[in-house]
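One line per chain: the protein sequences are D, V and X, in this order. With the first letter of the first sequence counted as 1, position 7 gets the number 9 in our numbering; the numbers rise by one all the way through. With the first letter of the second sequence counted as 1, position 97 gets the number 159 in our numbering; the numbers rise by one all the way through. With the first letter of the third sequence counted as 1, position 124 gets the number 157 in our numbering; the numbers rise by one all the way through.
Honestly, I wouldn't trust all of these hints.
Pairs of lysine-lysine residues, derived as DSS-like cross-links and limited to a Cα-Cα distance of at most 27 Å, are as follows [stated by the list, open to error]: (1) X/K202 <-> X/K212; (2) X/K356 <-> X/K311; (3) X/K62 <-> X/K48; (4) X/K315 <-> X/K356; (5) X/K53 <-> D/K296; (6) D/K133 <-> D/K308; (7) X/K372 <-> D/K219; (8) X/K53 <-> D/K133; (9) V/K210 <-> D/K81; (10) X/K372 <-> X/K316; (11) X/K98 <-> X/K60; (12) V/K210 <-> D/K296; (13) V/K288 <-> D/K308; (14) X/K53 <-> X/K98; (15) X/K356 <-> X/K393; (16) D/K219 <-> X/K48; (17) V/K210 <-> D/K74; (18) X/K48 <-> D/K137; (19) X/K62 <-> D/K133; (20) D/K137 <-> V/K288; (21) X/K356 <-> X/K312; (22) D/K308 <-> X/K165; (23) D/K137 <-> X/K87; (24) V/K373 <-> V/K270; (25) V/K210 <-> D/K308; (26) D/K133 <-> X/K393; (27) X/K98 <-> X/K48; (28) X/K87 <-> X/K62; (29) D/K308 <-> V/K270; (30) X/K87 <-> X/K98.
Restraint-style ranges between C-beta atoms, simulated for each label pair [what the hints assert, rightly or not]: (31) V/E274 <-> X/K60: 23 to 31 Å; (32) V/E271 <-> D/R226: 30 to 38 Å; (33) X/D391 <-> D/R131: 53 to 61 Å; (34) D/K296 <-> X/L140: 34 to 42 Å; (35) D/G252 <-> V/E271: 57 to 65 Å.
Covered stretches of chain X (in silico footprint by chain D; criterion: 3 or more residues with CB under 8 Å from a CB of chain D, positions within the stretch not fixed) [stated by the list, open to error]: (36) 79-85; (37) 116-124; (38) 128-142; (39) 233-244.
Read the hints as simulated data drawn from the structure, not as lab findings. Glycine residues also receive a C-beta, built at the ideal position from the N, C-alpha and C atoms.
Spelled out from the first residue to the last, the chains are:
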Amino acid sequence: MHGAGRCAVGMVDHGADGGINMESSARNRFIQSLLTVIMLIYFAFALFPIVWMVLISLKSQPELFTTKFVFKPTIESYKAITIGLKYLKGTGSFRPDFPRFFLNSIIISTASVAISVIVGVPAAYALARFKFPGKENLAFTFLSFRFAPELSVIIPLSILYRRFGLYDTYVGIIWVYQLITLPLLIWVLRGYFEDISTEIEQAAMTDGYTYWEVFWKILLPLIRPGLAASALLAFVFAWNNFIFAMILGGGKVQTVTVAALSFLASEQAHYNQMAAASLISAVPQIILALIIQKSLVRGLTFGAVKG
Amino acid sequence: MASTHHNVSAELAIQPGRFVPDPRDLRQPLSVRVRPYLIIGPALLLTVGILYPFGLAVYYSLTNYTLSNPNYSFVGFLNYKMLLTDPEFYHSAKVTLAYAFSATAVETILGLGVALLLNRETPLARVLRTVMIFPLMIAPVIGTLIWKLMMQPSVGILNYLLGFIGLSHFEWAAAPQTALFSVVLVDVWIYTPFISLLLLAGLQSMPKEPFESARVDGGSAWFTFKNLTLPMLAPFLIIAVIFRLIDSLKMFDVIYAMTGGGPGQTLMNFPLQAYYYGILYMNLSYGLTYMIILWAIVYLISQILVVYWGKAQQRAAGL
Amino acid sequence: MASLGLYNLWKRFGKITAVKGLTLEVKDKEFMVLLGPSGAGKTTTLKLIAGVEKPNDGYIMIGDKVVNATEPHRRNIAMAFETYALYPHFTVYENLAFPLRAPGMRLSAEEIDRRVRRVAEVLNIDMLFDRKPAELSNGQKQRVSLGRTMVREPNVFLLDEPLSHLDAKLRHHMRMEFKRLESSLNTTVVYVTHDYLEALALADRIAVINQGELQQVGTPDEIFNRPANQFVATALGQPEINLIDGDIITESGVPVFVAVDGEFRLEVPRALRAPLGKKGLKKARVGVRPFDIRVAGARGWGVNETETGAGAMRDSEEDRAGKAFVRGRVYVFESLGNKGVLTVQVGKARLSVLTSADFKANVDENITLEVDCNKIMMFDPETTGNIALTMTA
Chain D
3 MHGAGRCAVG
13 MVDHGADGGI
23 NMESSARNRF
33 IQSLLTVIML
43 IYFAFALFPI
53 VWMVLISLKS
63 QPELFTTKFV
73 FKPTIESYKA
83 ITIGLKYLKG
93 TGSFRPDFPR
103 FFLNSIIIST
113 ASVAISVIVG
123 VPAAYALARF
133 KFPGKENLAF
143 TFLSFRFAPE
153 LSVIIPLSIL
163 YRRFGLYDTY
173 VGIIWVYQLI
183 TLPLLIWVLR
193 GYFEDISTEI
203 EQAAMTDGYT
213 YWEVFWKILL
223 PLIRPGLAAS
233 ALLAFVFAWN
243 NFIFAMILGG
253 GKVQTVTVAA
263 LSFLASEQAH
273 YNQMAAASLI
283 SAVPQIILAL
293 IIQKSLVRGL
303 TFGAVKG
Chain V
63 MASTHHNVSA
73 ELAIQPGRFV
83 PDPRDLRQPL
93 SVRVRPYLII
103 GPALLLTVGI
113 LYPFGLAVYY
123 SLTNYTLSNP
133 NYSFVGFLNY
143 KMLLTDPEFY
153 HSAKVTLAYA
163 FSATAVETIL
173 GLGVALLLNR
183 ETPLARVLRT
193 VMIFPLMIAP
203 VIGTLIWKLM
213 MQPSVGILNY
223 LLGFIGLSHF
233 EWAAAPQTAL
243 FSVVLVDVWI
253 YTPFISLLLL
263 AGLQSMPKEP
273 FESARVDGGS
283 AWFTFKNLTL
293 PMLAPFLIIA
303 VIFRLIDSLK
313 MFDVIYAMTG
323 GGPGQTLMNF
333 PLQAYYYGIL
343 YMNLSYGLTY
353 MIILWAIVYL
363 ISQILVVYWG
373 KAQQRAAGL
Chain X
34 MASLGLYNLW
44 KRFGKITAVK
54 GLTLEVKDKE
64 FMVLLGPSGA
74 GKTTTLKLIA
84 GVEKPNDGYI
94 MIGDKVVNAT
104 EPHRRNIAMA
114 FETYALYPHF
124 TVYENLAFPL
134 RAPGMRLSAE
144 EIDRRVRRVA
154 EVLNIDMLFD
164 RKPAELSNGQ
174 KQRVSLGRTM
184 VREPNVFLLD
194 EPLSHLDAKL
204 RHHMRMEFKR
214 LESSLNTTVV
224 YVTHDYLEAL
234 ALADRIAVIN
244 QGELQQVGTP
254 DEIFNRPANQ
264 FVATALGQPE
274 INLIDGDIIT
284 ESGVPVFVAV
294 DGEFRLEVPR
304 ALRAPLGKKG
314 LKKARVGVRP
324 FDIRVAGARG
334 WGVNETETGA
344 GAMRDSEEDR
354 AGKAFVRGRV
364 YVFESLGNKG
374 VLTVQVGKAR
384 LSVLTSADFK
394 ANVDENITLE
404 VDCNKIMMFD
414 PETTGNIALT
424 MTA
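Chain D extracted, bound-state conformation:
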């Protein structure tokens, strides 16, 4: 999102410099403030739940069931979910599984993205550069994974996984997560490869480099920003996934999303810990989102919109 093509659109700016007489400029000022108010209302809606979550997570157990906004903040909940009983004797039977779930999420998301990168970068390159029969069909197949209802693949897999001992294993979960990460990487990276002139590759070849060296020394560095952004977005998608992990994973590979839900069902009272856990598991996404903000649109639309 660069400023070059920026322009004033909509009902806001037009009148601003057209209005000469006092009356209309007063009207404009009113419209401007009204729009600002509307904007702030939307953002109250968008951000309030997160703010409220922060407040809850900082409340102590006794204060939890009051709707007070002013209270004495404590990081008790954070301690409880990360370190656990040892430091918080007598607050309940809660065993801090959260670090394990968090680690599971990290392992599964990282490995899924890593495999997708290894497999997807060459595939994206092939789809961008080579001409081979059925290429578009293949590309579309990758895309269709994005739009296929997840359960249509999960239900048969639940049988297959049990049969082949992949149920509740990292390998099984990471494999099925390719459905989330791989189409994203292939489609977005394909666009990035297409953005590189073929002649740059050809120049490197005539400069004395083999096909593979050109890939490593020229192409990979050139798509690196795009690769980093789409890999991070794929990580976010993998992290946020719920249904695959819930159905195809059991206790061993439980991720934070699955754990959060079961936690709410079982431990009705500890909303503050629940909020703390949610926030901790949301923080990586928000940081990643800020890093990749510029390429976010391109990633979210699989390259259909080059934001």
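Based on these hints, arrange chains V and X on the given structure of chain D.
Frame of chain D; chains V and X shown alone:
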């Protein structure tokens, strides 16, 4: 001028036939010829690995496979016939479509408004463009849980706030009348930024000149918006709608995390039906039938929208 | 440092055939220019030689080796791309050093540095070492791209429009520089351009290509004065050669060319009579270069040379006797500083005439032109081939 069959090689005194190259020198070496396959191979293998269960899904929907009946047999379209005579199916269809269309409609209108409001270079707009994406980045399940806590009838903040305007006891997702509203609200909270983000990208990629000349011509703000902004934004709008509509048609996380499909059957959309039948009740074939039908609907809708998208792109480019 | 041979090369991209049966031999250390309009298949030909595109048919030889199966990095060829194809993530220095750092080169860091600096000095880009391509002007990019080919000692240099994106002044300057470089490069060069002046100025031999087909190969003199066909004749010279369609009649045993309702008539020069007779053509297309026509009478004598002095390359065996006079009206006169271009309406045809710059003419003024009959070319209207040349072949 096109074909001047003028014999130049005679002038050059070159006889191409005088030297016959070794055919081995003309063929690409094996290492070069296998290269494309090496490059695409791993992805191809993985695709086959993923396509296989998809194929299996279609096949199972044509059998009477349940976990209690592992010796299944082919039953043709029996599951589909059963489904189409099942009132539960029609209820689910209603829920699925109502959820998807209402969520997408609200998000599109709201998202467009937000995008137009944020397409300004004020410090506030710049900050809001960034924080706007937070709900979109948080896992939908987590986001839903946050709302679920807020909607808690006893301790939830929402009822407390509603108390100020006299709406004291709102049941939210716990009551059948307001359940759909509640989950759509959460969907809107999570995904409106998606639409805004896309439309902002669209707004910022627009050329300046048409707007300047429209201003010179003295067109009204509404006229400019209707005749310039909207047509040029149309491709972005349609892409956003495609993504949102498809994703909300197959929405599982929000509904499942909020009510698990309840209260009663109130929020049982297709994916939840498939989950209950296919996974919990172990009636795989019946659950998959729901999914295959959803698949067909998704495919149909996306095909229609993709056609519109192509047209909108051409129209936008023709401006 | 090697000869180059292309034999019956074909290259298709989907439905488009870019190169159609091209056969061309380039001698060792020869400077060969491929001249043709855009889309003629020149760039594709270079890429086939470099090996970054594979021919559908035919073979390529470098030295005495068939290289079809040889990958680009083993062909020892340096190519400068029209799009520059600089590596955006490298600095100018790194761009220049890149070919020298190739695994096959095994050069010491000092040697690489020495060569990069030498080339950069020649091209006057040594002050740009730390810049990225995005920070360069087009002219600078073009010089870096050229420099990248010059740091090595390749078998063949392939240069694709290396001067095209420069403004007129810099272009002329670079053309001179190039002419100087040519002698220092001392190797086989294939140079692609659409600019005939560049071709005439630089080439040992020129290959004219149109729509993927070779039209003619020859020295600049041959190409300019004895074009194989109408395409080659029009491809060189500005303003373009005048082409007039007419009939061949015989008057008192002498073949006469008559065109534009008898307004334009000239005796077929002696040299063309035999080939014309042998072909038995009733219709012909006459080509006259604008500097072979002048305004008759006391005023406005035409200049006889183009700016490159291409006119001076013309055959010297001249028959002063053969003149033809044509009457017409002034259509327009454009003064171009050091010369003028007069366009004259003759019946339905228009003729371009090169004049001196101080020539004065009023629109619609009646004027008589003097055509040098011995300098005319004659083309077969059917095949567009040069009548004089098809005979000698």
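Going down the list of hints, with the structure as the test:
no. : hint                          : result
1   : X/K202 <-> X/K212             : holds, 16 Å
2   : X/K356 <-> X/K311             : holds, 24 Å
3   : X/K62 <-> X/K48               : violated, 36 Å
4   : X/K315 <-> X/K356             : holds, 22 Å
5   : X/K53 <-> D/K296              : violated, 46 Å
6   : D/K133 <-> D/K308             : holds, 23 Å
7   : X/K372 <-> D/K219             : violated, 53 Å
8   : X/K53 <-> D/K133              : holds, 21 Å
9   : V/K210 <-> D/K81              : holds, 24 Å
10  : X/K372 <-> X/K316             : violated, 34 Å
11  : X/K98 <-> X/K60               : holds, 14 Å
12  : V/K210 <-> D/K296             : violated, 32 Å
13  : V/K288 <-> D/K308             : holds, 24 Å
14  : X/K53 <-> X/K98               : holds, 22 Å
15  : X/K356 <-> X/K393             : holds, 23 Å
16  : D/K219 <-> X/K48              : violated, 34 Å
17  : V/K210 <-> D/K74              : holds, 24 Å
18  : X/K48 <-> D/K137              : holds, 18 Å
19  : X/K62 <-> D/K133              : violated, 37 Å
20  : D/K137 <-> V/K288             : violated, 39 Å
21  : X/K356 <-> X/K312             : holds, 24 Å
22  : D/K308 <-> X/K165             : holds, 24 Å
23  : D/K137 <-> X/K87              : holds, 20 Å
24  : V/K373 <-> V/K270             : holds, 22 Å
25  : V/K210 <-> D/K308             : violated, 35 Å
26  : D/K133 <-> X/K393             : violated, 61 Å
27  : X/K98 <-> X/K48               : violated, 31 Å
28  : X/K87 <-> X/K62               : holds, 25 Å
29  : D/K308 <-> V/K270             : holds, 18 Å
30  : X/K87 <-> X/K98               : holds, 16 Å
31  : V/E274 <-> X/K60: 23 to 31 Å  : violated, 59 Å
32  : V/E271 <-> D/R226: 30 to 38 Å : holds, 35 Å
33  : X/D391 <-> D/R131: 53 to 61 Å : holds, 59 Å
34  : D/K296 <-> X/L140: 34 to 42 Å : holds, 39 Å
35  : D/G252 <-> V/E271: 57 to 65 Å : holds, 60 Å
36  : 79-85                         : holds (count 4)
37  : 116-124                       : holds (count 6)
38  : 128-142                       : holds (count 6)
39  : 233-244                       : violated (count 0)
The structure fails to meet hints 3, 5, 7, 10, 12, 16, 19, 20, 25, 26, 27, 31, 39 from the earlier list, while all remaining hints are met.
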